[in-house]
Structure formats: C-alpha cells, structure tokens
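If you read the sequences in order, they're chains A and B. For the first sequence, UniProt numbering gives the first residue as 1, with consecutive numbering after it. For the second sequence, UniProt numbering gives the first residue as 1, with consecutive numbering after it.
To be clear, the hints were calculated from the coordinates, so they are not data collected in a lab. The structure presented is a predicted model; accordingly, all values stated were derived computationally and were not measured. C-beta: ideal position from N, C-alpha, C; glycine also. Don't take each hint at face value.
Claimed, not checked - If the Cβ cut is set under 8 Å, some of the chain B residues that face chain A in the computed set are:
hint : residue
1    : P112
2    : S115
3    : G402
4    : N404
5    : A416
6    : T419
7    : V473
Said to hold, decoys possible - Quick list of in silico lysine-lysine cross-link-like pairs, DSS-like style, CA-CA up to 25 Å:
hint : chain 1 : residue 1 : chain 2 : residue 2
8    : A       : K78       : A       : K35
9    : B       : K104      : A       : K34
10   : A       : K25       : B       : K104
11   : B       : K104      : A       : K35
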Amino acid sequence: MRITGQMMTQKLIGNIQNNMTRMEKWQRDLATGKKIHSPSDDPVGTSYALRYRSELAQNDQFTKNVDSANSWVQYTDKMLDSATQVLQRARELAVAGANDTQDVSAKRAIADEIDQLYKQMVAIGNSQFNGAYVFNGMLTDQKPYEEANAELATPHAGVFRYEIGPGTMLDVNTLGRDAFGTSPSSDNAFQALKDLRDALINDSQPGVANGISQVNNRINEILEIRAGIGARMNRLDLAENRLTDIDLNLQTLQTKVEDTDMAETITKFKIAEDVYRASLNTGAHIIQPSLIDFLR
Amino acid sequence: MRSTFFGLEIAKRSLFTEQAALNTTGHNIANSNTPGYSRQVVNRVQTPSMEYPHLNKPAGPGQVGTGVEITQIYRVREQFLDSQYRNESKTYGEWTSRSDILGKVEAIINEPSSSGIRTVINELWTSFQDLSKTSTPDAAIAARKIVAQRAVAVAEAFNHQSQQLNELDADITESIQIKVKTVNAKLEEIQSINVRIKELSVLGDIPNDLLDQRDLLVDQISRLVDVKVTEANSMYSLTIGGNVVIDANNAVTTLSETNPVVTGGEIKGLIDAKNIDVANYKNQLDLLAQTLATGEVKMKLENDYTIPNGVSVRGADGTVYNAGIVLPKGTEILVNGLNGLHELGYTMNSPLETGQAFFVSTGGSITAGSIRLNPDMLTNPANIASSMSMYNDGTIDRVVQGDNSLALMMSNLGNALMTFTDASGTVNTTLEGYFRGIVAEIGVRSETAQSNQYNAYVIASQIDSRRMSVSGVSLDEEMANMMMFQKAYAAAARALTTMDEALDVVINRMGLVGR
Chain A
1 MRITGQMMTQ KLIGNIQNNM TRMEKWQRDL ATGKKIHSPS DDPVGTSYAL RYRSELAQND
61 QFTKNVDSAN SWVQYTDKML DSATQVLQRA RELAVAGAND TQDVSAKRAI ADEIDQLYKQ
121 MVAIGNSQFN GAYVFNGMLT DQKPYEEANA ELATPHAGVF RYEIGPGTML DVNTLGRDAF
181 GTSPSSDNAF QALKDLRDAL INDSQPGVAN GISQVNNRIN EILEIRAGIG ARMNRLDLAE
241 NRLTDIDLNL QTLQTKVEDT DMAETITKFK IAEDVYRASL NTGAHIIQPS LIDFLR
Chain B
1 MRSTFFGLEI AKRSLFTEQA ALNTTGHNIA NSNTPGYSRQ VVNRVQTPSM EYPHLNKPAG
61 PGQVGTGVEI TQIYRVREQF LDSQYRNESK TYGEWTSRSD ILGKVEAIIN EPSSSGIRTV
121 INELWTSFQD LSKTSTPDAA IAARKIVAQR AVAVAEAFNH QSQQLNELDA DITESIQIKV
181 KTVNAKLEEI QSINVRIKEL SVLGDIPNDL LDQRDLLVDQ ISRLVDVKVT EANSMYSLTI
241 GGNVVIDANN AVTTLSETNP VVTGGEIKGL IDAKNIDVAN YKNQLDLLAQ TLATGEVKMK
301 LENDYTIPNG VSVRGADGTV YNAGIVLPKG TEILVNGLNG LHELGYTMNS PLETGQAFFV
361 STGGSITAGS IRLNPDMLTN PANIASSMSM YNDGTIDRVV QGDNSLALMM SNLGNALMTF
421 TDASGTVNTT LEGYFRGIVA EIGVRSETAQ SNQYNAYVIA SQIDSRRMSV SGVSLDEEMA
481 NMMMFQKAYA AAARALTTMD EALDVVINRM GLVGR
C-alpha cells in the first residue's frame, strides 16, 4: 500500500482523538465517582439506578412513618398507664372507704378525692398529642369527653393507619371507647368512678363493693389494651429493623450499578494515558523527517 | 535522408517533456494539502519512430527513435472508492446527527439525577404520606402547603421538559433548512462545473482540477444526503432520495427546505431524530402527565366510604355506585388518576365540600406542557382533600379531619398499575415504571446511534485512507520524481549542447580548404 503524508497525519489525528475520548471517559468516571452520566452510558443500569433511588426515598419515608407511629403509640401507652394508676388509686381509696370504721365525714373526704380522680381521668381521656386528641378516633380536632358527663360521651370510632412498609398499614390510634368503656355501660371508667363517689357519699356498702368490681374490670380491660399496644410496638421495632436492612441492601445495589470501581478505573485510565503518550510521541517522530530533509 | 538538425529536435522534445513533468510535480507539491486534490501524473510516450535511411534499400536495419511527447496529464483516482466512500459518509452523517440530537434529549431528561421528573413525582407521593400523618388543623395546613409545592414542582418539571423539547424540535427544523440550503448551493456549483468540464472535454482536454472540485462537492453532499452519481458525456447526473436532482441535460431540481425527500445522510438523521426520537419522547411525556392526572386506575378503599352527593363511584367490575351507598373498607374501585381520586374526598373547608380536580390544564387537554396544579389549591391549601368521611356536629355536616384514608390512597397511586398506550405498544405498569421505560428506551437508542456512528466513522475513514493511498500526494515520491526529472532535463540539455558542437564542426570548420 502506498502511504502518503496526509494519510498518516489524518490517522494520527484520529488516533489521538480516540485516545483522548477514552481518557476523558475514565477521567469523568473518576472525578464524579459515578459511571452512569446519562442513560446511554448503561440503559439497563440507569433503569435499575432509578428504581433503587425511588425505593430508597420510599424507604426513608416509611422509616419516618414508623418513627411517628412509635411516638404516637408510646404516648398512648403512657396515658393508659396514668389511667391505670388513677383507677388503682381509686380502688385503694374505695377499699379504705368500704371499711365501716370510717365515719361519714372521712368517707366524704374520700369521695372528694375520687371526684378529683374522675377529673384526672377526664383529662387523660382528653389528652392531646401534638395538638391532636388521641382518644377521639379520627375526630382528632374535637374534644371527646366533657367533664360534667364524660360517662355519656361517645367518642369517634375511626381508626387511622400509617403506612410502615409497601402496602403495610399499622393502626395508630387507640379508641376511647375501648380504653374507657362504651356508654352507657357499667364498666365505663367514668361511670365507675362516679358510682364509687356517689356510693361513698350515700354511705352505701354494696354500692362501694359494686364500684370496686367495676374499677377492677376496667383496670383489666386497660391492661389488655396495653398488651395490644405492646404488640404494636414490637411490630414497629421489627418494621424498623426490616427497613434498615432494606436500606442497606438498596444502597449496596445502587453503589454496584452507579458507582465507579476506583481500582479498575484508575488502572484503565493509566493504560489509556500510556497509549495516549505513546501516540503523541510517535506522532512527533513520524511527522518530522521527509526526503526534503536529506536532499542537498 | 534524415535532417541534419534531427538531434536538436529530439533534445528539444526531451527538454519540454521533462519541464512539463517538473511543473506537474510542482503542482502536486503545491496541492499536497488541498482537500479533494488527486495527484497528477504526466503520461509520456515515445514519438513515432522512423525508418533508418540506407543507401541501398529503403528498409533499414532498424528504426530510429524520434524522442518523447506528452499525451496526457491525468489524475490518479479510483471511482469505485469514491462511491464506497460516499455510501459510508452518508451513514456516518446520518448517525452523527441522530446521536447528537439523542444526546441533547438525554440532557433534557437529566437522569439519573436528584432533580428530574422521577424525583419530583416521588416527592409528591411522600408529601401525601406526610399529610396522612397530620391530624390537627395547623399541621394539616402546613402539610397541605408542602403537598401543593410538591405538585407545583411536578407540573413545572413537566412544563420545563416539554418546553425544552419544543425548542429542540424548532432547532432541528431550522438546522434541516440550513443543511438543505447547503446541499442546494452545492448542486448549483456542480451544475456550473459540469458546464465548464463539458466545454473543455469537447476540445479534448482533461480538466483535472475541475474534476477534483466536482468530486469534492459530491463528497461534501454525500455526508448530508444520500447521493448517487452517474456520469455521461463527462457530466455528472445526481439523484438524491431516489429523485433526480441534476439530470442528463444538467437541469437542477433543488430539494425542498421544508420537506426534503432523502434516505440517508445528516438531513435524514435530523428528520428521524425529530419525527421519531423527539416526537416519541414528547408523546410519552404527555401520556405520563395525562395518566398521572386522569389515567384510569384500580384503587383499594382504605376506609369505609359513604358516597357523597354528586359523586358516583365505579367498582372494579364497572358497576356504578351512586350517592348514599356505603362501600366497605377494602373495596376495589376504578378512578381516573389523581384527579379522580381527589374528587372522592372532602376538603378541609366548611361547609362540607368534595375535592376538585387536582391537576388542571392551562388550555386544552392535560399534556406535559399544559399541566399545572389547580390554582385554587395553591391559594388555599385547605382545598386539598385528605379525608373520605364526614359527620354531623348537630347543626351542619363537617369533614372528619383525622381521616387520612384519601391521603394514603393518593400516596399509593405511585404504586398502582396503570395502562399506557404509546407508539411501542400497551404496557401495564406504575407511573414510575413507565418513566423508567422511557428513559431506558432513549438510552438504548442513543447508545445504538453512538455505536453506529462510530462504526460508520471507522469504515469511512478506512475507505478514505484507501483513497488517500491512491490519490494523495506523497512528498517523498514527488521529491524523488523531481530529482529524476531534473537530472533528465540536465541530460537533455547536455545532449543538445553535444549536437550543437557536432553541428559547429560541420558549419564553421568544414569547407575551409584552400582558403
């Protein structure tokens, strides 16, 4: 084949261009730490990368939801703990009041204290978490219990849920109806406390005994509900662990698809750089001499 | 009897020939870097010899040479390589412009990134999740403001991409026009060169440099369009896209600037990029925006739902349920996108009212370019519905604000399967799944275009280098030739001098006897 100067020059320019393009690609991968810069770099990888990104964002949101659910549930539990303490105190007072050795004025004093406990119980029933009434179902903006006649109140029965995993819902709120009893009903917490108070005022021995059993029933009911809340907290813990695992998995997958393998890329870059230098060097030698330089 | 001065004639012919060869070498060196130049070679032949004169018989012992003459100065060129080169140049041009435009589309898509359409849609879903967790009026308004901002971001992302695509489309149209103008101008040039070549050829001349120029022009056109050359009576006739643009009578039919008919080259690449790549992506983006707002989707009720007045609901089997009917939690219903879903719920406003369309259009049907958040929701975020139940507070109906079931359903719209029908068929996937598909499709197209471009480049440059091997000027070769011609010239001059001296003897020193 006949070789001409123009041919060699063009080939040289083309080769140098190719080498530079290759170096530029590795350089970009190294400088950004990413190997996908636009979809055409790796169409399949891009589609995976997009999915991992979305799933990671969703996972973050679920983790936030778990946290919110956790604080709501824990708050409810704390309130129900207080309710139990109130009822236990009422039972202690009632047992003392049931004793015949107490005179009428002492019983009145006990009745007064039980009335305070009733008010305390109403306050618990109206407890708010971040400004929302926790025991009023979905009507979180409405106060469920009126102090005058809390035993007659029918709180809202709507259960709302948070999403704590893809398609996984968790009931967040505890219904006032379940925690404090339905109305009218003898084991309604407010009814029980009012009955107890009235029995003490009226000095009715059987009334007090009856009231104590009502309170006992309510304490047991609340304990059952709290057992349910405990189970929910366990579920939230599990969900949180699972979300953490998924997060780690997704990040690993994302890194594999999107991130530059530094060791490999630096090696490739070095090779490309050597080839580039070689092409420049040979270029400098090829272009220089021709017959003209030797004719005198 | 031969002429006394015959030797002078031979030497003169030799001098002229070598001089012409030297001039041609000079011309070659001068044009060694001229685009399209083919090296020229002087074709020399012996002049007809004649009988050697003899005393006895006319037929001598041999014939005597009479010197040299130039028959032709021709250019070294292979037509076959030209047509091969033009064929590859056409393919290279087509994929160059196609991959260039696809690269721009990829830049518009801007994925994978943390600010593309995927991200903003995702943030809309998570803002609905946050809304689902707010139960007090204050927090609910704050969360709604965030939902509204996220929705604005979604609409703007769509609008922005749509606008960029429209601009790209206009740019392509303009650049097609410019390239067609270039082709048309070159056609006119070829026509005028055709005329001059014809004039000179008729006289028996070979206008090498005009031939080179004409071939160069065809080479240049071949990158822009598919051009086929036929030569008759030393004139070129050209066809582009199957239509004759320069006919045998040298009449030019220019290409249409608005709708050029071509089957290859940069112009074809631009037309395809416009009509296939950009148009497809535009349609897909429109479809995505439309489906997000109003695409039919099957959703599961997150709470018992009493159908409000003025609303009717379609069950999964198509049964229509009217106002007053109670659908239990878990019932599957069909709704029309985010808008249809939103219209099922109650806003936070009092008196009680149901939701309006979430996304609206700035005019006409909803497209990527026209989609925007219902302005009422931006001015008053309370217009965003998240609840699906109401109660009567003794005097009027009110919304149950703590009911988050609609917010949950709206946030889950992103995970629901929807139907998308575009140029490549019908798919059942999530909104994001469809978007991922679009991105991957553009990626594959662009990748293919790039590799096609590279392959065509390699082949075209190989052929071009074959052409340069044949037609290119080698300075070494020219130098060697120059030495050779120069020496021959000097020798011819010496021969002339020798003849001259021989004649000097005859003319000046003979016949002096007896003087």
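Does the structure break any of the earlier hints, and which numbers would those be? 2, 5, 6, 8
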